[in-house]
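**Q** Sequence:
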Amino acid sequence: MTETTTRTPRGERYDPAAFEAKWQQRWEADGIYAARDDDPRPKRFDLTMYPYPSGDLHIGHWYAMTGPDIVARMHRMQGYNVMFPMGFDGFGLPAENAAIDRNIHPATWTYSNIDTMRRQMRLMGASFDWAREVVTCDPSYYRWQQWLFLKLYEAGLAYKAVGAVDWCPKDKVVLAREQVLGTDRRCWRCGTQVEKRDLEQWYFRITNYSDELLDFDGLDYPEPIKAMQTNWIGRSEGAEIDFATEPDDVEAIRVFTTRPDTVFGATFMVLAPEHPLVSVLTTDERRDAVTAYVADARRATEIDRLSTDREKTGVFIGAYAINPMTNERIPIWIADYVLPGYGTGAIMAVPAHDERDYEFAQQFDLPIRYVVAPAAGELPQGQALVEHTEDEVLIDSGEFSGMPASEAIGAITRALEERSQGSFAVTYRQRDWVAGRQRYWGTPIPIVYCDEHGAQPVPEDQLPVVLPTDVDFAPTGVSPLQSHALFLNATCPVCGAAARRETDTMDTFVDSSWYFLRYCSPAFEDGPFDPARVDAWMPIHLYTGGSEHAVMHLLYFRFFTKALRDLGLVSVDEPTQKLRNQGQILGADHNRMSKSRGNVQAPDELVARYGSDSVRAFLMFIGPWDQGGPWNPTGIDGIQRWLGRVWNAALPAGGAVADIGHEAEELTRALRRATHTTIDAVATDYEGLRFNTAISKLMELTNAIIRAREAGLAGSDAYAEAVEVLLKLMAPVTPHVAEELWERRGGAYSIHQQPWPVADPSLAASDTLELPVQVDGKLRDRLVVTPDTPPAEIEAMALASEHVQRYLNGRAPSKVIQIPGRLVNVVTPRD
RNA sequence: GGGCGAGUGGCGGAACGGCAGACGCGCCGGCCUUAGGAGCCGGUGUCGCAAGACGUGCGAGUUCGAAUCUCGCCUCGCCCACCA
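Using the numbering used here, you'd call the opening residue of the first sequence number 63 and step up by one each time.
Keep in mind that the hints were calculated from the coordinates and are not lab data.
Note that CB positions come from ideal geometry on N, CA and C, so glycine has one too.
It is possible that some hints are incorrect.
Distance ranges between label pairs, derived from CB positions [to be verified]:
{"id": "1", "residue 1": "Glu257", "residue 2": "Thr320", "range": "27 to 35 angstroms"}
{"id": "2", "residue 1": "Pro817", "residue 2": "Lys288", "range": "31 to 39 angstroms"}
{"id": "3", "residue 1": "Glu762", "residue 2": "Asn165", "range": "53 to 61 angstroms"}
{"id": "4", "residue 1": "Glu449", "residue 2": "Lys657", "range": "47 to 55 angstroms"}
{"id": "5", "residue 1": "Ala726", "residue 2": "Lys288", "range": "52 to 60 angstroms"}
{"id": "6", "residue 1": "Pro852", "residue 2": "Arg627", "range": "53 to 61 angstroms"}
{"id": "7", "residue 1": "Lys288", "residue 2": "Ala862", "range": "47 to 55 angstroms"}
{"id": "8", "residue 1": "Thr320", "residue 2": "Asp282", "range": "28 to 36 angstroms"}
{"id": "9", "residue 1": "Gly697", "residue 2": "Gly808", "range": "19 to 27 angstroms"}
Computed cross-link-like contacts, BS3-like style, restricted to lysine-lysine with a CA-CA straight-line distance of at most 27 angstroms [as the list claims (entries may be wrong)]:
{"id": "10", "residue 1": "Lys105", "residue 2": "Lys640"}
{"id": "11", "residue 1": "Lys105", "residue 2": "Lys624"}
{"id": "12", "residue 1": "Lys759", "residue 2": "Lys640"}
{"id": "13", "residue 1": "Lys624", "residue 2": "Lys222"}
{"id": "14", "residue 1": "Lys234", "residue 2": "Lys258"}
{"id": "15", "residue 1": "Lys232", "residue 2": "Lys213"}
Could you build all of it, start to finish, from the sequences and the hints given here?
**A** Below, the structure is given as structure tokens:
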């Protein structure tokens, strides 16, 4: 044969621009991705975090969204009624800043960005169910958020209180503790260093749920997220101990300690400079020094107190406390290394067993008394004994001397309890969620203040409290709502007198704490969501998004779900069963993509050049999805070539079928085997979000198909089956080209509504297998055997191998290990 | 300082404790072309003509067998950090 089939067929080439838009429009028009509430098939709620409408969809969004899109698409083909919705996190500061910078209304800016991003998501070919779209800045959404807020308020889970809060001086807004990042405490949005301010603020009582939030039992979350949330909540078990004071015995000082076993070693006390008892206890002769130190500490709070390796500072306040176990008088100091917000803001200092106390004692020449020691070992010189040893026992601790330290924790606490001087206690690092924001572009908090009746909830029938649009965005530092007379003026729901409306708006993280519930019934008018629909769809089966939300959104949405459960509004304990984080796509310079760095990769130009399918497949192919990495377009040509080869293989040049005679049967079997082994392998990879290896398997099947075509099988049934299976398996990743080729081959519309292929194990099975033969674990030969070859025969064949003989050197093997179907290892005798 | 994660060819990366480097990129050679930034075929861890030896950050250990498990280091990344 001179006519070769290897030549590119004369027909059309793969040209995504010719058909991608066509299919996007048709899918949209036909609503093939809509989830139906009345569909009897099993429901699956696959969800990816909705974006903030910042302007443009960048390549990182494509990376994040293509993965779950693949999974949702496969689930649909597998017969699930899949809900895969999308929405927009519409409220937020950037919109307001844009308003100030460019004199454009935040709503205009936001909705225009949403339009752009919605269009870009369609360009991706993402299978979102747009009929369920949720936009949080729409009154039809935030109306119900206000309703939920009031439910939480009535239940005491939302409250207003004065406290030291983190304040961003640039954005002029308070932040939740979770939204302050890094050692140098910067605002999560703008990066400015935050300050502490004493302000009256709205809070959510998330700490009511600290213990429950620590329970990940039955939850499939990535370990790092569990670790971060656990550390964030920071549960510590120990004891609270009361130390009576001298000279006036005004009030006992309560401390929290995780080491009640060391109370005999408490040789002084330290209070936070902010501690309320400081001014009461300070003696007259120490007052000047103390006042000066407190003022210093207050000033230094923001920056210096954060530094861990700074020299310890503090002052003696002139007063004494009584160690409840030793009855010794111990001096009371204040020092800024004791934090006002943790525990009781006061500590018993045990310099012998705490590094910080040790350092402080050294600094100020205070006594150091070891009260725990290794039974056999020696006490350390010149440092605190912090490390625990198994045999450590108490020393110099009265009746408790000789008791193992692990036992003494309980024994001493109980002893203190009997004397009403202490009790077992648990402390958390987690604080309540600061929920209010002094900005305009957010959900108004539905509260009014009456001179007579104080804070009153806005009656339900007056919701929503609509955000006015005619406000002045001059950057005054206070919310524009504060100068909007019409908004500000309200009437008291109790007495009808003139009242003032709350001008704080809600943190945008409130919006994202329940949006997934709204998706279940996005048009519901009688409440935030239809309980029946929520019962039917929740919990989310697979939730995906960035891990940067570990202790923000991912903690808040768990809290909200639990709080709403306790209000009787939902029946699930957790919002999602399974969470996965995609990695982050960095700029080519290995930095976070940002407009200011100029390292942002826009997807649109790539799509224009390669098509959506290539961009999707390439992003999913570059590595493990949870890993991310710097953007590097090298290699997208390989994906383009692959799709071109698929195109040519699916539409082979007609006519020429080579005469391949007796080889045909074996080649056909090999092709069927490749086809049927790929089906489950790809499905398993998709399910496990291993898109890179899934695509490599699709490439291998493609290569097998091309080999078959080169061998002249292009007209065979096995060939047609292989191509059809390949197209179905590819459909989730490259939906457009799969649909186009499916149609051109005469398949029924739509490939995305076809059943997922089913592997036939008998066709997937191989009739021979190649066994590696090792000598002492090193590969020396291979055997080709049938799967039913008896082990004894395999052993004989292995020993007969000349390669094996060479290493045996005439000796008998000491052992032969066979892993059936995997390998043979011949172990030589040890000398 | 604490917690978590990762170190594999020139590059992105594969590999239930069992054939290290799948699949791609790049590169080299060839075919076909007026041409090639198209397509197809072959090669490509290192050293070596070869037989073979050596190879998964470093060092030990467990095992018949370790990229994979354990211990100790080194480097990088992320999170937390005077949290009592």
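**Q** Indicate, hint by hint, whether the structure satisfies it.
**A** Tested hints:
| no. | hint | verdict |
| --- | --- | --- |
| 1 | Glu257 x Thr320: 27 to 35 angstroms | holds, 30 angstroms |
| 2 | Pro817 x Lys288: 31 to 39 angstroms | holds, 37 angstroms |
| 3 | Glu762 x Asn165: 53 to 61 angstroms | holds, 57 angstroms |
| 4 | Glu449 x Lys657: 47 to 55 angstroms | holds, 49 angstroms |
| 5 | Ala726 x Lys288: 52 to 60 angstroms | holds, 55 angstroms |
| 6 | Pro852 x Arg627: 53 to 61 angstroms | holds, 60 angstroms |
| 7 | Lys288 x Ala862: 47 to 55 angstroms | holds, 54 angstroms |
| 8 | Thr320 x Asp282: 28 to 36 angstroms | holds, 31 angstroms |
| 9 | Gly697 x Gly808: 19 to 27 angstroms | violated, 33 angstroms |
| 10 | Lys105 x Lys640 | holds, 15 angstroms |
| 11 | Lys105 x Lys624 | holds, 22 angstroms |
| 12 | Lys759 x Lys640 | holds, 26 angstroms |
| 13 | Lys624 x Lys222 | holds, 21 angstroms |
| 14 | Lys234 x Lys258 | holds, 12 angstroms |
| 15 | Lys232 x Lys213 | violated, 33 angstroms |
The structure fails hints 9 and 15 (numbered hints given earlier, in ascending order).
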